[in-house]
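Asker: Start counting at 1 in the sequence shown, then tack on 441, and there's your number in the working numbering.
Honestly, I wouldn't trust all of these hints.
No more than 30 angstroms apart at the CA atoms, straight line, and that leaves these computed lysine-lysine pairs for DSS-like [unchecked claim]:
1) Lys621 <-> Lys604
2) Lys574 <-> Lys604
3) Lys576 <-> Lys592
4) Lys472 <-> Lys484
Since the hints were made in silico from the structure, they are not lab data. Because the structure is a prediction, the values reported are computed rather than measured.
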Amino acid sequence: MTSLPRIGKPAANALKNIGVTSLEQLSRVDKESLSRVHGIGPKAISTLEVELEREGLAFRKHEPLPFTPGFIVFGSLDCNNAPKREIIRDFAISYVEGNKYGFVMTCDEDMSLNILPAQELQGMQEIHQHLLKEKHDISMLDLKSIITHGKEGAAYGSAVTTKGESIDLAWFIEFKSHKKDALIDQVTFFEVR
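Taking the hints into account, I'd like the entire structure generated from these sequences.
Answerer: Shown next, in the form of structure tokens:
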């Protein structure tokens with residue numbers, strides 16, 4: 442792993458707070474998202490871009506999302522014409538943010554959510570209320586992997602809170618049908634702190 446260059450204390454602290462400590466990790470972030478992080482200005486981004494080029498790396502291409510989350514998102518975001526992968530991506534971001542708009546776009550109204558080890562919720566309204574109550578102040582979400590096959594899918598990632606706490610997250614998903622635009626019907630979720 443290649444260390445980050447000197448970019449000033451505010452920018453270095455901002456990157457540390459979102460869990461980015463190397464140029465390889467930085468290459469998974471796009472410039473547009475990075476510019477939204479408090480403490481990272483144009484000069485720091487320019488310095489980082491030069492160092493990435495020197496190492497044969499680059500910022501990731503910006504992948505537009507259907508909504509703008511209140512935190513930086515990076516990782517497995519490009520969906521390469523895979524609609525279910527896109528649905529899982531948008532669901533995972535909405536889940537972490539407690540974004541009702543994202544749930545309406547991705548989930549069946551009567552979906553069920555099993556939160557391991559022992560909590561089961563039924564229906565979008567109950568699930569959304571739970572997520573708002575249990576919401577963490579997130580500064581970064583890294584979606585490391587999203588896979589789909591037929592009627593099933595899964596996503597794995599990690600989040601960093603504004604206090605610097607790291608949380609590993611995983612969703613195991615069942616869609617309503619095999620159709621490419623099917624909504625999410627059941628989710629099993631767990632987190633590790």
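Asker: What hints, given by number in increasing order, does this structure fail?
Answerer: Per hint list: single violation, 1.
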